[in-house]
Amino acid sequence: MRAKYRVLAQVKKMLQEQEMVTTQEVASAMKLSRGVVSLYLSQLYQENLLQKRGTKPVYWLDLPKNSTFSDLIGANGSLKKVVKECKAAVNYPPNGFPIIITGPSGSGKSYLASLIFRYAQEVGVISSNANFVALNCADYADNPELLSAVLFGYKKGAFTGADEDRTGLIDQANNGYLFLDEVHRLPRESQEKLFILLDSGNFYPLGESEHVKHVNIRFLFATTEKIETNLLKTFRRRVPLQVTLPSWTSRPISEKCSLIEYFFQKESSRIDCSIRVSYGTITNLLNSQFIGNVGSLENKIKLMCAESYHRDNTFLTLNIGTDSDIEKGSWLIKSSQTKKILQCSSSFCQTLLSTLINTLRENEEQKHSLTDQSLTITQFLRDLQQNVAHLAVDEDYTNYLVRELKTTLKIVGAKYGFTSYLKDSKIKQASALIALMQENTTISELAAIDALIKRRYPRTIYLCKQVQQRLSFNISSTLVDIILLYTVFDDIAAHLEHQNLLGIMVCHGGRIASDICSIVNDICQSYIFEAFDMPLEVSNKQIVTQVNHYLKQQNRGYEGTILLFDMGSLSKLYQQVKPLLNNDLLVINNLTTSIALDLGMKIQHNESFKKIAAEAEKYPKTMNVQYYEGISPQANIIVSCMSGVGLSEEVKRILKKHLNTKIAIITMDYHDLKLALKSHENSYFANTKFILTTNDLPKQNSTEVLNIYNIMDRNGDRRLRLLLKSLGEKPETINNLLTSFLRFFTIGGIKGRLRFLNPDKVIPEIQGIVTKFENYYHLDLSNKFKLSLYMHIALMLERLMLKKDDASEIKSKAITSNEKEFYQVAKKIFHPIEVKYNITVNDYELSLIFELFKANSRYKNA
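Mapped onto our numbering, the consecutive letters of the sequence shown carry residue numbers 1011 to 1872.
Ranges between beta-carbon positions, derived for each pair:
hint, residue 1, residue 2, range
1, P1250, S1115, 23 to 33 Å
2, I1529, K1312, 54 to 64 Å
3, P1250, I1421, 44 to 54 Å
4, L1737, S1549, 35 to 45 Å
5, G1211, A1039, 47 to 57 Å
6, D1723, P1643, 32 to 42 Å
7, L1737, S1693, 13 to 23 Å
8, G1302, N1368, 54 to 64 Å
9, Q1644, L1385, 50 to 60 Å
10, L1737, S1430, 50 to 60 Å
11, S1115, S1077, 24 to 34 Å
12, Y1786, L1737, 39 to 49 Å
13, G1171, G1302, 33 to 43 Å
14, E1027, T1244, 49 to 59 Å
For lysine-lysine, the following DSS-like pairs were computed, each having C-alpha atoms within a straight-line distance of at most 27 Å:
hint, residue 1, residue 2
15, K1464, K1023
16, K1425, K1562
17, K1662, K1621
18, K1475, K1438
19, K1562, K1041
20, K1464, K1420
21, K1433, K1377
22, K1243, K1094
23, K1062, K1014
24, K1090, K1276
25, K1662, K1688
26, K1062, K1023
27, K1631, K1662
28, K1672, K1628
29, K1837, K1864
30, K1699, K1735
31, K1062, K1094
32, K1022, K1094
33, K1562, K1551
34, K1666, K1628
35, K1062, K1022
36, K1588, K1699
37, K1662, K1672
38, K1830, K1864
39, K1425, K1475
40, K1312, K1276
For the record, the hints were derived by calculation from the structure and aren't laboratory data.
Built from N, CA and C at the ideal position, the CB exists for glycine as well.
Produce the complete structure using the sequences and hints provided.
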């Protein structure tokens, strides 16, 4: 419910600057999904809190101001349909149509009739000086002739005593409304006389038969009886609208409370005295079944006030209920008699508040501690109770604020880890200040303090705003910031501001991020992380937009930022977020609660960003840690083998075993490497000394690229020796490394790596496959290239048999006729081995083999 009314508050705020708003505009302003906002707006429309217009798109508008029916309790609740139908009847051209109001005695039929008349004046369908003429038919039920005379008027001599012409109520109601109450008491002949009047507006006064009169009258009728059995059918046909008012017992409890308050307020104004009603008395009234409905309720309240006034009329406040009931809880209704006293107390209160605000501002300018500011507020509240100024405090509103603030603080505290710091006494202080300052101060008076505390306590102020946004009532953010900082958060603000690293979590679907964030913050008992729960289909761009909005609210510098997320492109997210920051960034993918907690504890203990980033390298490789705007902050060699990560890791193992130089060996997926080389500037690979791969890559401007298999050639051998020598490696070390590579890249090396297939049987089969390719394309492949094919195909077959290949089918794309021919030929060549081993060599694997053939300079047809 709170979220729904926050949407309403946002709409009203936007409508101050524009006539209408769309659902999408509201969703964008509130950073919510369009679907959620659309649901809330529809509910607000159903509650008659907003208007809507159009279809695609739907436009939302505010309700008309100061409508006559706004005075009717229940107009937006149980009587909503009644009001809507009455408005339609009034506005229907050319002259509206008659309405009959039914309902039990005392339900407010006469009051509704008067409102219908006022509404007709309001919308201009009748003039402002039109008459509202009412007649209770029960007064003339036993004298139909007199009733006719009263209604229609009469001519002189029409009956004994008719000494002159006399106009009736119908003439008086001309161009206005005629309201006939208790219409079921209207005799049959009188109902029949109304037929012509309802149809044509024509009638004859009593005793007149020649000259017809014409009037323009709108009719309202009311009855407590069933119209089907008490009114002529022909009469009922001429009254198209019947509306029914509910009994007291049928009213919602909220409307009952409003009616009780309304009638007590009437008595308060009548006797010029405030009234305090015990909750017990209100409960009894709510549970009573009044035979006379709302009318009986009003009389009951009058009697209660009279009895209380009779007992004691010496106090400014009239107490309804026993003293013990009043002490348990009461409802204060203020009267006009106390206006002067209240004005005096309000004036004195404003003076005290002005002094308070000036003191807080001066203290803040001099950078006093929060303890000093909190003491200043405590002293103000104490002084307030010592004089007449305390009468300006609305206790009922203050108690309401206590309940709302306590509920909201617990919700926000559960997410940001400060629930254990909440104290009832501080919440009461905050509520009392809000109640006072909301009525007696302006934002401009508080602006100077607000600007100072935003700079000095930005993290705490951020939490204050989270509280303000979740409150179910509309209140200034500036007011909430100041009051919560100096009351609720005064003990923990310094700790919150001490944190020098910014933590952010982003997860897709549900409340995963918020749940993990709540756990970590709660265990750390502090606001460590902020969480963003994103829809599953959200893009990196939308994530960055959310993060950027959060960063702008921080209003301070940090040593570094730690961004945890659950899935997505690590490098892309890093590149998009990093430019938004003026500090270092650590990005970790596939977050878990344990990792988040580990980081949270380190942040809480103020470990340096560099230390945290270095230790993050020890997390499981699935976490995909990146904290440097490039491949690595240290000198590195990249190894990327098309045949899979396993081969890359083996090459990495050999390098690390033999190299003495402290250099990072980084393995990368072949396609990821190609994308990185294409997408990044040279600076991204600034610390990369060279790249080792099993396939040729486009020449790089600043990074040397070596094909691992070319190392067996004289030229490749020479290039690798020069690169390793430039890193400081000794000739002996380089010789040992190359010897290991040569050993690895032999048939024996392949045999050593196959764990499932029998190398002695599968290698001849692979040789046969390669021979078929040679024969078909008339190729003479070099031994080096054959070795590459043998290794690739052997490892491919084992992956497929063990179902460890996680590569998906190649994406649909435009392919050349040569590539298409290659796929068709390859499928036939691999068919026998597919049948034998019960596997399928998919298009993705064929595309890799095709890449290998293309790289061979002797394959002319690729």
